[in-house]
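Asks: Model the placement of chain C on the given structure of chain A, informed by the hints.
Number of protein chains: 2
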Amino acid sequence: MLDQLTICAIATSPGMGAIATIRLSGEKALEIADSVFQSPKSGKKLAEQQPNTLHFGSIADGNELIDEVVVSIFRAPHSFTGEDVVEITCHGSVYIQQRILQLLIAKDARMALPGEFTQRAFLNGKMDLSQAEAVADLIASTNRAAQKVAINQMRGGFSSELTNLRGELLHFIAMIELELDFSEEDVEFADRDQLKKLVSKIESILRKLKDSFQLGNVIKNGIPVAIIGETNVGKSTLLNALLNEEKAIVSDIHGTTRDVIEDVVNIHGTAFRFFDTAGIRETTDQIETLGIERSYSKFDLATVVILVIDTLNDFNTVSERITKIRKRIKDQHLIIAANKSDIGRAETIEKLRKLSLKANEKLVFIAAKQRTNLDELISEMQHAVSLDSISEDAVIVTNVRHFEALSKALESIERVQLGLDNLISGDFLAQDIRECLHFLGEITGEISNDEILGHIFKNFCIGK
Amino acid sequence: MLDQLTICAIATSPGMGAIATIRLSGEKALEIADSVFQSPKSGKKLAEQQPNTLHFGSIADGNELIDEVVVSIFRAPHSFTGEDVVEITCHGSVYIQQRILQLLIAKDARMALPGEFTQRAFLNGKMDLSQAEAVADLIASTNRAAQKVAINQMRGGFSSELTNLRGELLHFIAMIELELDFSEEDVEFADRDQLKKLVSKIESILRKLKDSFQLGNVIKNGIPVAIIGETNVGKSTLLNALLNEEKAIVSDIHGTTRDVIEDVVNIHGTAFRFFDTAGIRETTDQIETLGIERSYSKFDLATVVILVIDTLNDFNTVSERITKIRKRIKDQHLIIAANKSDIGRAETIEKLRKLSLKANEKLVFIAAKQRTNLDELISEMQHAVSLDSISEDAVIVTNVRHFEALSKALESIERVQLGLDNLISGDFLAQDIRECLHFLGEITGEISNDEILGHIFKNFCIGK
Numbered sequence: 001m002l003d004q005l006t007i008c009a010i011a012t013s014p015g016m017g018a019i020a021t022i023r024l025s026g027e028k029a030l031e032i033a034d035s036v037f038q039s040p041k042s043g044k045k046l047a048e049q050q051p052n053t054l055h056f057g058s059i060a061d062g063n064e065l066i067d068e069v070v071v072s073i074f075r076a077p078h079s080f081t082g083e084d085v086v087e088i089t090c091h092g093s094v095y096i097q098q099r100i101l102q103l104l105i106a107k108d109a110r111m112a113l114p115g116e117f118t119q120r121a122f123l124n125g126k127m128d129l130s131q132a133e134a135v136a137d138l139i140a141s142t143n144r145a146a147q148k149v150a151i152n153q154m155r156g157g158f159s160s161e162l163t164n165l166r167g168e169l170l171h172f173i174a175m176i177e178l179e180l181d182f183s184e185e186d187v188e189f190a191d192r193d194q195l196k197k198l199v200s201k202i203e204s205i206l207r208k209l210k211d212s213f214q215l216g217n218v219i220k221n222g223i224p225v226a227i228i229g230e231t232n233v234g235k236s237t238l239l240n241a242l243l244n245e246e247k248a249i250v251s252d253i254h255g256t257t258r259d260v261i262e263d264v265v266n267i268h269g270t271a272f273r274f275f276d277t278a279g280i281r282e283t284t285d286q287i288e289t290l291g292i293e294r295s296y297s298k299f300d301l302a303t304v305v306i307l308v309i310d311t312l313n314d315f316n317t318v319s320e321r322i323t324k325i326r327k328r329i330k331d332q333h334l335i336i337a338a339n340k341s342d343i344g345r346a347e348t349i350e351k352l353r354k355l356s357l358k359a360n361e362k363l364v365f366i367a368a369k370q371r372t373n374l375d376e377l378i379s380e381m382q383h384a385v386s387l388d389s390i391s392e393d394a395v396i397v398t399n400v401r402h403f404e405a406l407s408k409a410l411e412s413i414e415r416v417q418l419g420l421d422n423l424i425s426g427d428f429l430a431q432d433i434r435e436c437l438h439f440l441g442e443i444t445g446e447i448s449n450d451e452i453l454g455h456i457f458k459n460f461c462i463g464k
Numbered sequence: 001m002l003d004q005l006t007i008c009a010i011a012t013s014p015g016m017g018a019i020a021t022i023r024l025s026g027e028k029a030l031e032i033a034d035s036v037f038q039s040p041k042s043g044k045k046l047a048e049q050q051p052n053t054l055h056f057g058s059i060a061d062g063n064e065l066i067d068e069v070v071v072s073i074f075r076a077p078h079s080f081t082g083e084d085v086v087e088i089t090c091h092g093s094v095y096i097q098q099r100i101l102q103l104l105i106a107k108d109a110r111m112a113l114p115g116e117f118t119q120r121a122f123l124n125g126k127m128d129l130s131q132a133e134a135v136a137d138l139i140a141s142t143n144r145a146a147q148k149v150a151i152n153q154m155r156g157g158f159s160s161e162l163t164n165l166r167g168e169l170l171h172f173i174a175m176i177e178l179e180l181d182f183s184e185e186d187v188e189f190a191d192r193d194q195l196k197k198l199v200s201k202i203e204s205i206l207r208k209l210k211d212s213f214q215l216g217n218v219i220k221n222g223i224p225v226a227i228i229g230e231t232n233v234g235k236s237t238l239l240n241a242l243l244n245e246e247k248a249i250v251s252d253i254h255g256t257t258r259d260v261i262e263d264v265v266n267i268h269g270t271a272f273r274f275f276d277t278a279g280i281r282e283t284t285d286q287i288e289t290l291g292i293e294r295s296y297s298k299f300d301l302a303t304v305v306i307l308v309i310d311t312l313n314d315f316n317t318v319s320e321r322i323t324k325i326r327k328r329i330k331d332q333h334l335i336i337a338a339n340k341s342d343i344g345r346a347e348t349i350e351k352l353r354k355l356s357l358k359a360n361e362k363l364v365f366i367a368a369k370q371r372t373n374l375d376e377l378i379s380e381m382q383h384a385v386s387l388d389s390i391s392e393d394a395v396i397v398t399n400v401r402h403f404e405a406l407s408k409a410l411e412s413i414e415r416v417q418l419g420l421d422n423l424i425s426g427d428f429l430a431q432d433i434r435e436c437l438h439f440l441g442e443i444t445g446e447i448s449n450d451e452i453l454g455h456i457f458k459n460f461c462i463g464k
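Protein chains in written order, with this note's numbering: chain A, 1 to 464; chain C, 1 to 464.
If we strip away everything but chain A, and leave its shape as in the complex, we get (with noise of 0.2 Å):
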């Protein structure tokens, strides 16, 4: 276990600023402060303040005074952590915020672990393990529906859902002990058909939460797009045009095979994780058709796949080409984009509007080089995984530690629905709910331990 001193840390973002908060918790934190804290006006100590209340004032190292600032105290157990918290608001410069956060070490703070603070309020039960993760990942959330999810599993969306599921379990159990209790009378209190209603609830809440996996990976992570076609049908004019849409490229991520580099930007408040885009910018005509077969493999990691077509080929060759991709797609969305509609062969254009669409498939005329119609393009992309209908409180799982545990909890489920299939005894029914209980109790972190906790906090930035 971690010991109890006090700690603390730059909470802010690291480098220059107008201004940056430090950040310190624990039971010597205004005691801390005031050794290095003086108001000029009150000259009272911190410690005699009243709490959620501001403070201006100088830090001062000996004689030399390194700062003007002004102190924020939040007093246990109604702060962050559950400790005694002061935040020190200081001008942003990186020497600044260096040496006040150097003077509080010698002061006898320790420097925060990375999420050390989370996990204090952790344990100190302000939160519980799967709250205290989605601040984690509503710091890191890059998009509208990453925050809303995150936001809804930090105030208890998704822990209120396990409570509700733990609940089921417990009144599961309840019935089959009970039926223990009197098993020498052979009295069945808990009849099989209520029982086998019951399990195939707990199994089905258990199931949507694990499904939801999916869905919260998208989310977390974006939408994984697929552009693929032919030589020279302006792929990589349109993928420009698309990252360019709005500058905000969030990052490049090294894929799963070393070959694939992805671009995640966020379009209009979407992130859309884009496929192989190297391969795609850097291919030239003549090795771009090294190109095609390579981009077929990406199709599986894809949630939405986008053929561009030329419509300056004749109807035949582009019906070709969309006969082959049909035949490749399983649950993908396809949107074939018809490139270059602004010169583009009438026929060619008048036959494609009469093509016949499938419910997973949308066509869109665009002109890539104008940037036209990509508002339309784009909006079709963000109607295949439609982010923006999930509900305030919809409950999205997003972690991959909640999806095992999910799986598992799951796993126990269906060894109990296959024991009251096949008659068996209700305390080996009674320890399979146990062993599914104890899976969702490590979301919650009512299962943990310092092996845990050190995995999950490790992730974390320091000053949270």
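One thing to keep in mind: the hints can contain errors.
Output of the computed footprint for chain A on chain C, the stretches with three or more beta carbons under 8 Å from beta carbons of chain A [unchecked claim]:
| id | segment |
| --- | --- |
| 1 | 13 to 22 |
| 2 | 208 to 220 |
In silico BS3-like cross-links for lysine-lysine, where the CA-CA straight-line distance does not exceed 25 Å [stated by the list, open to error]:
| id | chain 1 | residue 1 | chain 2 | residue 2 |
| --- | --- | --- | --- | --- |
| 3 | C | 126 | A | 44 |
| 4 | A | 208 | A | 458 |
| 5 | C | 44 | A | 126 |
| 6 | A | 126 | C | 41 |
| 7 | A | 126 | A | 354 |
Note that these hints are calculated values from the structure, not bench results.
Note that the structure is a prediction, hence the values are computed from the model and not measured.
No residue lacks a Cβ here, since even glycine has one placed at the ideal position from N, Cα and C.
Replies: Below, chain C without anything else, positioned relative to chain A:
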């Protein structure tokens, strides 16, 4: 003049952090904050709360929850800007920061211009112009000396020096005017010797301030260091050892000439600006010889010249080199770094030890590759411009604008001196003194116009 709308900006460093702060200032700050903020506990409006208090709650855009936040309230005139100020501290997701900012703008706040918060503080009489400028210097400070000078200026150290100067100038004018009033009576109230003494005192204060700019510039931009020497003596090894001494390279600055690259690095709390580091780094044995003549041309820009010599050479070679450099040195500090001293010729080292040094010269035996004695070298570099000895309340001019105003003020005073010597009439003297007061007023902002203000604050960061 700028409008009086309520302004908002992200005040913490851009990018993701644990938390971030968005600042609102103006008449409608509380009203606008109340339109998006809800306190779960009190349900009270922020406008009804006491100043200098903290309030937990949530920010929502209509029904859409954006984040849980802590809000700080400051009331005019007791705030940084002198206006009502609300600071919203949210989770440090870039998305959330932007959403809240956009929401405030939708609610009728205006995005703040660079430095507009500080500009309002100035316009509302919370600080004079030189103090406002010190805020930017403080934020940009990367070392102890720069921070020390900036915070002293921000707290009014420079301003009070100027007030003293103003007092002397007004005293002078009073004496002159007394004389003018009684001019018909041919009474010399202001005896010329007394006037000369007073002007000489004013001149010496102004000159001291003006001269401090040389040090101020070093403090603000780092001590300029040139490393020179023959091929293969270990210049680039030494440079790299010094640059790696502390990993915190502040920036690459493109120098005044196109081919000069400067590395600014904080070593043990002092900022050094190394000239032409690219030149040193890039040179290979064959082309390095070209560089040596070029590096002489940096002499004039440097405060410290480090001459690297190779103790593997015989003493005559080394001695010739030193003599050659000594001829080129003007008022720079010369540090002779006798390199490879771990494997050097005993005779060369012995004779170097006996070398007589001038006041501005030091000799340090080093082994750059082994990093031997680098601390001694660094300490000599620091000693050359001993920034550590700058007292807490030293008034040092670091700002070009102030330097220029002081130079003009000094010219006026010199004209007064000349006038006194040439017995010109009192009203002409008074005119020059008023001109001097005018230039000093430009520093503190008593004399200012939109153009000057615009020029000053456009270099601030947004949010300050």
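Asks: Next, verify each hint and record whether it holds.
Replies: For each hint, the structure was consulted:
Check on the segment 13 to 22 of chain C: 9 of its residues sit with their Cβ under 8 Å from a Cβ of chain A, so the three-residue criterion for coverage holds. With 0 residues bearing a CB less than 8 Å from a CB of chain A, the segment 208 to 220 of chain C misses the requirement of three and the coverage assertion fails. Simply put, residue 126/C and residue 44/A have alpha-carbon atoms about 24 Å apart, close enough for the 25 Å limit, and the pair holds. Between residue 208/A and residue 458/A, the direct Cα distance comes to roughly 29 Å. Violation of the 25 Å bound is thereby established for this hinted pair.
At roughly 24 Å between alpha-carbon atoms, residue 44/C and residue 126/A fall within 25 Å of each other, so this suggested pair holds. Note on residue 126/A and residue 41/C: the hinted pairing holds, with a Cα-Cα distance of about 16 Å set against a maximum of 25 Å. Distance restraint check for residue 126/A and residue 354/A: the Cα-Cα separation of roughly 60 Å exceeds the 25 Å cut-off, and the hinted pair is therefore not satisfied.
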